[in-house]
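As given, the protein sequences belong to chains A, B and C, one line each in that order.
Oh and the first sequence: position 54 is 53 in numbering that gives the first Met the number 0, straight run, nothing missing.
Oh and the second sequence: position 165 is 164 in numbering that gives the first Met the number 0, straight run, nothing missing.
Oh and the third sequence: position 246 is 245 in numbering that gives the first Met the number 0, straight run, nothing missing.
Be a bit skeptical, because a hint or two may be false.
Distance windows between CB atoms, simulated [claimed, not checked]:
#, chain 1, residue 1, chain 2, residue 2, range
1, A, V123, B, I304, 21 to 31 Å
2, C, A31, A, D296, 44 to 54 Å
3, B, F126, A, F12, 22 to 32 Å
4, C, E328, B, S87, 50 to 60 Å
5, B, Q156, A, A37, 21 to 31 Å
6, B, I304, A, D296, 31 to 41 Å
7, B, V301, A, F12, 40 to 50 Å
8, C, D209, B, F172, 50 to 60 Å
Computed list of lysine-lysine pairs in DSSO-like fashion (alpha-carbon distance at most 27 Å, straight line) [stated by the list, open to error]:
#, chain 1, residue 1, chain 2, residue 2
9, C, K62, C, K263
10, C, K465, C, K140
11, A, K193, A, K122
12, C, K104, C, K208
13, C, K208, C, K194
14, C, K338, C, K327
15, B, K83, C, K228
16, B, K52, C, K117
17, C, K338, C, K286
18, B, K52, C, K401
19, C, K379, A, K161
20, C, K383, A, K161
21, C, K350, A, K161
22, B, K83, C, K170
23, C, K117, C, K73
24, C, K228, C, K309
25, B, K26, A, K161
26, C, K350, C, K379
27, A, K161, C, K401
28, C, K327, C, K286
29, C, K516, C, K254
30, B, K83, C, K117
31, C, K112, B, K83
32, C, K112, B, K52
33, C, K228, B, K26
34, B, K26, C, K401
35, C, K340, C, K286
36, C, K445, C, K401
37, C, K23, C, K263
38, C, K73, C, K91
39, B, K83, C, K194
40, C, K170, B, K52
Honestly, the hints are just simulated from the structure, not real lab data.
No residue lacks a Cβ here, since even glycine has one placed at the ideal position from N, Cα and C.
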Amino acid sequence: MKNHMTRFRESYFFYSFKRDKVAMASFFILLIFLLMSASAPLISPYDPYDSHNIDIMNSEMPPSWYDEGSPEFLLGTDNMGRDLLSTMIYGLRISVLIGIGAVLLQAFIGILVGLTAGYVGGKVDAVLMRVADIQFSFPYLMVAIFISAIFQILFGIGSYEKMAVPLLIVIIGLAEWPVYARTIRASVMGEKNKEYVEAARVIGLSRPVIMIRHVLPNTLTSVMVISTIQVANAVMSEAALSFLGLGMPVTMPSLGSLIKSGFEYIFSGSWWITIFPGLFLILFVLVINLLGDWLRDVLNPKLYKG
Amino acid sequence: MFAFIVRRITQALFVMLIISMIGFAIKNKIGDPVRDLVGERVTPAEREQLRDKLGLNDPFFTQYSRFLKNALQGDLGHSFFYKKPALSVIVAKAPATIELVLGAAFIIILVSLPLGVYTALRPRSFFSRMVMGFSTLGVSIPVFLTAIMLIYIFGVQLNWLPSYGRGETVDIFGNGWWQSGFLTRDGLLHLILPCFALASIMLPLFIRLIRSEMMEVLETEYIKYAWAKGLNPMRIWLVHAFKNTLLPVVTVFGVQIGIMFAFTILTETVFQWQGMGYMFLEAVERSDISLLIAYLIVVGSVFVIVNTVVDIIYGFINPTVRIAGRT
Amino acid sequence: MKKLVLLVLAVFTVLTINTAVGAKTMTVALDADPVSLDIHVQLSGGMLQLSHWCFDPLVRWTKEMTFEPRLATKWERINEYRMRFYLRQGVKFHSGNTFTAKDVKWTFDRMRKSVDYKGLVEPFVGVAIIDDYTVDIVTAKPYALLLNMATYFFAMDSQFYSGQDDNGQPKDAIVKIGPSFALNNASGTGPFVVKSREQGIRMVMERFKDYWDTASPGNVETFILTPIKEDATRVAALLSGDVDFISPVPPQDFKRIESDAKVKLVTCNGGRIITLQLNQERRPEFKDVRVRQAMVYAINNQGIVDKIMKGTATVAGQQGPEGYAGYKENLVPRYDLEKAKKLMKEAGLEKGFECTMIAPNNRYVNDEKIAEAAVQMLAKINIKVNLKTMPKAQYWDEFDAKAADIQMIGWHSDTEDSGNFTEFLAMCPNAETGYGQYNSGNYCNKKIDELTLAAQSETDLAKRAKILQEIEQILYDDAAFIPFHWQNHSYAGKENIEIEPVINSMNFPYFGDIVVK
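Full structure from sequences and hints, please.
Here it is in structure tokens:
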């Protein structure tokens, strides 16, 4: 174990991390965000999903430093009388959950398809990549509507609240897997004619073994780089879906739905309902993107040209 | 080449077939269009009759094969809400979206080219760092938030720019096909905010793309050779390096324009821009199924066409890339 | 001499009005635009608004809920089944045709053919032409609400709509989907003539130069209607000066509009009740009257009106608002959380239960927020509600299927009378008669059915009111539904527009009479 630690400390990876202040700051902010979302029930002042705490008479209270504000609600309350800070922390929790869940799903499907297409090639490759194209040409809103409809048939209307998070994971996961499939396929195509693969084939290893044990590890750096950016994208997609009313239910607001309900209040002077969750979301996505940038520069400067 | 195009077209048709089938499969699950057509007092029996008359009660395959038969003749069904052929509704809404995308593309080109080139040439300068920082910030702000802020600041607080819709439009061809906002002052003013909002998502991507392509080109042998020959730096940068940067940028630009059409849904919603994206969302809310399916097919074909054209152009410009259809 | 002075004065005032206020353009943004120019293609608030702009009814409601002569100058009851209307002479349609009794009959016959109006005109036998300017409207049974219904008789130009159009389709065809003559062409007697219409984008109307009502103070020459669906964007459009008039105004923006000197806000009581229905067949707990009462007691509807509706709604304890025949003063809202908890305990359900609820999110003012607030309030008596909200096109489908245990419904009586609420919302659902069509709670009380039917044919208004009040009392005691409030109509416009005189509780702004200074 110690050996691993020293190796890590002496690595180029850690060295460049220590030298890059932006990366370090982003990493710590991200860490704080993740800790906050993991310990939401412990640290947030109220449980915004427990209706016992919510009183409509407290709605639209400004942040506590205003005259009409109340020390009970540090950042004020939303249009339903929920404590905004608690709701944001819980909303962040949902964003993190959906972001990571969706990216795991994307990566799983994408890697599977990408590996198979790249390694097997030929007809299989053509078919799989065409499927990826179809998926890509389908606006993700349509995917959302389609999958929501199926969920509704399967589970009925009443359970929407419980199903919303898995539902959004599936929607965003399915909408973006081609990103992985294409990158993995490209790197597999690059790797598969290299000598070590030839060697493995000569020893008589089976295809799946070569793919998973030998080719896959060599594509992992690109997976890592894409993954950070994809988490950020997934969080944004969830916010967009919730903004359009296709995401989280009103009783369990995510950051996107908070921004949407704030949009309705923006002229009334209740700016905090939009601005605080908005800044929260931007900061969260920003630090992930900054880390992603840094990772890309360090690991593979030529990989991702976007 | 011919075989390639034929293959692409068959693939496209296959894609359309699947899309329309999926659309049909869920059509009963996204609401009853008849409900939106009649007043609330109309009895269930009357509604049932209307559904019968519209053929909405027929079995799936009857409805689907009827749709296919009509689709082969270029008829994608009637929009329930607009009471017009779905295709002509989409065609009427397309100019608004196209002008929005063109406007945004114009802004992107105008801003990203100089910034991208500059940051590539002077990567360590303070200004370049600022640009890169802002571009990272740019990709981190959801487009709807940008749009809301733009409306709030420029529309409501400062009162400089109109906040919704297309304003005054001009009928370019005189036959109602293309209502353009490009030709009137009012129309152009209405374009500013939505175009900036839409551009805000793509702009950072392009600055980065141009920068990294340019930097890559600057590393190549022939640029080093040009330096060695003692050419004027301006000439090296703008003629030799920049020209070679453009090729991949143009290709990505083509694809991204296609993707931008999808992003217009959010922008159009916030600005109540009467384009295809807005129409799509409205159709969902109204359960205007025929219009939805037609929209999917149109968007799908635009995507396929753009991809095919990009592939062909790429094949022409860069002979090292072989078109998949030839192998 | 006195007469002459009056005449001179009258002419003078008319002249000064006409010269002092020149040709004006007014741009109006509503949440939706009319779906068609054919006023009989859909019976909805939006289509009725259009009817008042481009057509004229026999009589119309005033602000004070009395009847104002329009195309009918006076009327009298001939007998229990028959009412005589004397029509205005010298009225021109937009096409130039002259309005006569046959247009009234023709319009009535066309309403019969309309899927939407069919139910509304069911009590009528027909229209009998007495002479060119006199008609009798005949009902099958004694009918107390005949004049109320005459507000729906908008005369259409029978000559203009006769014959065939270019597609060989009769010009009077009422077509729900697809092209029809009446979809794009209209000829009425109303103050505005449609100049151009792009559905969903804008509709331009111009003042009809031969309009019969020369006494109307209205001075809008060009009336442009544009739909802006998104609430915040609509408000932004008014604040930035892009439009002159908007409706509805989202309650959350009232303060902002009132604080801006350039614009003003006008609200007006409306008769639309917002309620929740409790499905007793899906959820056995709702069969217990104590549980239903507990739920009514748990809902702080005053809080919802204050906070979500920003005070622009009237808290309700019964179906019909004040001024309606069935209104009973003692039926007040009853928010009392302690009482609610006690009732739940009595019912043996203090631990509560879980149930489902659906509500629309674009049908009523702040419908989604009201539903959300109700969920929180019910949680306080341990009823855990799983809420799903959706756009109205999907909502009605689920509503009809009775997909959830609690469903939201708002209702505005289109006869402006109490009986209509009960007929649709509280009578036992019966597919044959159509009664209880929107009673998704399956509340069924034989006594209510009897009383409602009795009220229908009672022409003695005092007796009728007594019956209607008894109904409200029974529904109140039974906690047949959870009432929230009657929602107000809200309008906002630039300072120079005189909004108050033209609005009314039906939400039919009479733009023909609006004055722009």
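Which earlier hints can't be squared with this structure? Hints 5, 8 not satisfied by this model.
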